[in-house]
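Q: Use the sequences and the hints to build the structure in full.
Quick note, the sequences are listed as chains A and B, same order. Take the first sequence: its position 97, counted from the start at 1, is 97 in the working numbering, and no numbers get skipped. Take the second sequence: its position 94, counted from the start at 1, is 1094 in the working numbering, and no numbers get skipped.
Mixed in with the good hints, there may be bad ones.
With a straight-line Cα cutoff of 20 Å, these simulated EDC-like cross-link-like pairs (lysine to aspartate or glutamate) come out [as the list claims (entries may be wrong)]:
1) B:Lys1037 with A:Glu171
2) B:Lys1138 with A:Glu183
3) A:Lys174 with B:Asp1043
4) B:Lys1138 with A:Glu197
5) B:Lys1138 with A:Asp195
6) B:Lys1138 with A:Glu171
These are calculated hints, taken from the structure and not from any lab test.
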Amino acid sequence: MKFRAKVVDVACLNHFTRIVNTISKLTKSCILRLTSDKLFFILSDKVASGGVAMWCQLFQGNFFDEFQIEGVSAEYNEIYLELTPENFSRSLKTSQNAKAVKIKLTMKHCPCITIAVELPSLSSHTRIVTHDIPVTIIPRKLWNDFEEPSVPDFDVSIYLPVLKTMKSVVERMKNLSNHIVIEANQNGEMNLKIDTELVSVTTHFKELGNPPWVEDGTQSDSFQRRDPTNMAKARVDIKRLLQFLAGQQVNPSKAICNIVNKKVIHFVLLHEDVSLQYFIPALV
Amino acid sequence: LGRTGAMLRSPGDPGDDERFVFVASLDNARNLSNLLKAIHFRDQVTFFASANGIRMTAEAAKSVQGNAFIQASIFQEFRIEEDSVIFLINLTVLLDCLTIFSASSLPGVTTALRMCYRGYGYPLTLFLEESGVITVCKIQTQEPEETLDFDFCSTNVVNKIILQSESLRETFAELDMSSDVLQITMSPEKPYFRLSTFGDAGSTHCDYPKDSDMIEAFHCNQTQCNKYKISLLKPSTKALALSSKVSLRTDNRGFLSLQYMIRNEDGQICFVEYYCCPDEEMEGLDS
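A: Listed below in structure tokens is the structure:
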């Protein structure tokens, strides 16, 4: 197994760093899947994360000037690694002014992702800062555990409001309640609600718009015939929702929320060619 | 009715309004929330409204009381159908609701507020709007408790000093918190006005000369030296931080009244007042 990649462009490097920062805020540990044309950050350890799942993918060609991979075999030219994204993010902190960043799969005392940051220097010698991030190689037989989650049979699909406003409201609501209800309809309306003995708070977002999904059989039967004012809702752990909102470092060009009534909230954020999906299960 | 009227008509019949015994609206919710932060040293506070406006009261240890006054003229709309409305409410929850949009506010953007109350047993309902997004909060109200009457009247005032808050802020910020008490000396003779602490590192004295620039009015008739528990006065520093002027008055029992003049974002003046009993162990020179 071999992997080496290099980023030279400052804008690409900063963008990649912001993505890794976002991932590090969403989960302590995740899978990094490398293929010849894409990188994936995957979380699907349902028990440990309280049922939350995450799938983030990006085209390596948009970030790396060099990208070489030799996977577990010729047929399966991919590598699955488990790592702590916080370590990755910390090592990229020093790279803001870097001339280049090289990423390699290495074997130190254990398998590592080695990040070599080449920094500008006044002298003719280049200064290189190296970080070794321990990783666990995931054997091929476990790869099925990390398949891309299918887009659920949602009842409602709606564009999210301005994330900053949503985050402010949810931050305050977190002081008042452990759970929050997210509900939305096909009429561009979304409500965030908390209800305790002491206080009930509802925030109403209007005119959000609903994404035009092409009918391809993935929507539930009820989707097309649905009364547009009918709300689909799910009650979720407010900390998970806030974790998702607080982690966003990149302003997405599209932010979508799909709701399967009383089952799951599915967020899809798109920014240039990076997509991030986040699933929060409904509480019983 | 302006912005609050247009955006925040309560949902339901137009006749709904008639069923509210109290309605108050503000174009800028911060003109209320900032003031309330100045008495936020307890969760439970008493909410009192009359035709004059709103007064909210927080108390601790039966020895200190903070009051925030927002007169009716500050509000864009203020209607009360009864002589007075009074209930107990959780100020922490109220502030979380009033500031629901504040983490995302751009400079210059304000949250509009409409407060409604249907009467005894009903929650206090808040309608808040910013940039077209509306939040509705219903906060449980409780049976009001009797608030302390410090029986502080101007005829019994012995000493009074009005000064610029700026100068007192520095002194209060540097108070030796290892001292149990803050001693306040006010006198027609030297040292005129002195703040003292007695902490682990020793005693400190901060003296203000009678003709100091910072002192706007100096009316001291008798030498008084009173000690107050520092822990009880510490919350008043929030009010001090917001204010431009502060008046300190003591009466013949050594009770302390601190009145803070606070300008809100629209330049209107509101008051916060703290009362504090002297620390029982120490007798003032003239108590």
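Q: All the hints need checking, so say for each whether the structure fits it.
A: So, going through the hints one by one against the coordinates:
For the given pair, B:Lys1037 sits about 18 Å from A:Glu171 by alpha-carbon distance, which is consistent with the 20 Å threshold. Pair hint B:Lys1138 plus A:Glu183 holds up; C-alpha atoms about 19 Å apart against a cutoff of 20 Å. Pair hint A:Lys174 plus B:Asp1043 holds up; C-alpha atoms about 17 Å apart against a cutoff of 20 Å. Restraint check: the Cα-Cα separation between B:Lys1138 and A:Glu197 comes to about 10 Å, which is no more than 20 Å; the hinted pair holds.
Taking the CA atoms of B:Lys1138 and A:Asp195, the gap is near 9 Å; set against the 20 Å cutoff, the hint holds. Taken as a hint, the B:Lys1138 and A:Glu171 pair is honoured in the structure, with Cα atoms around 18 Å apart against an allowance of 20 Å.
In this structure, every one of the numbered hints holds.
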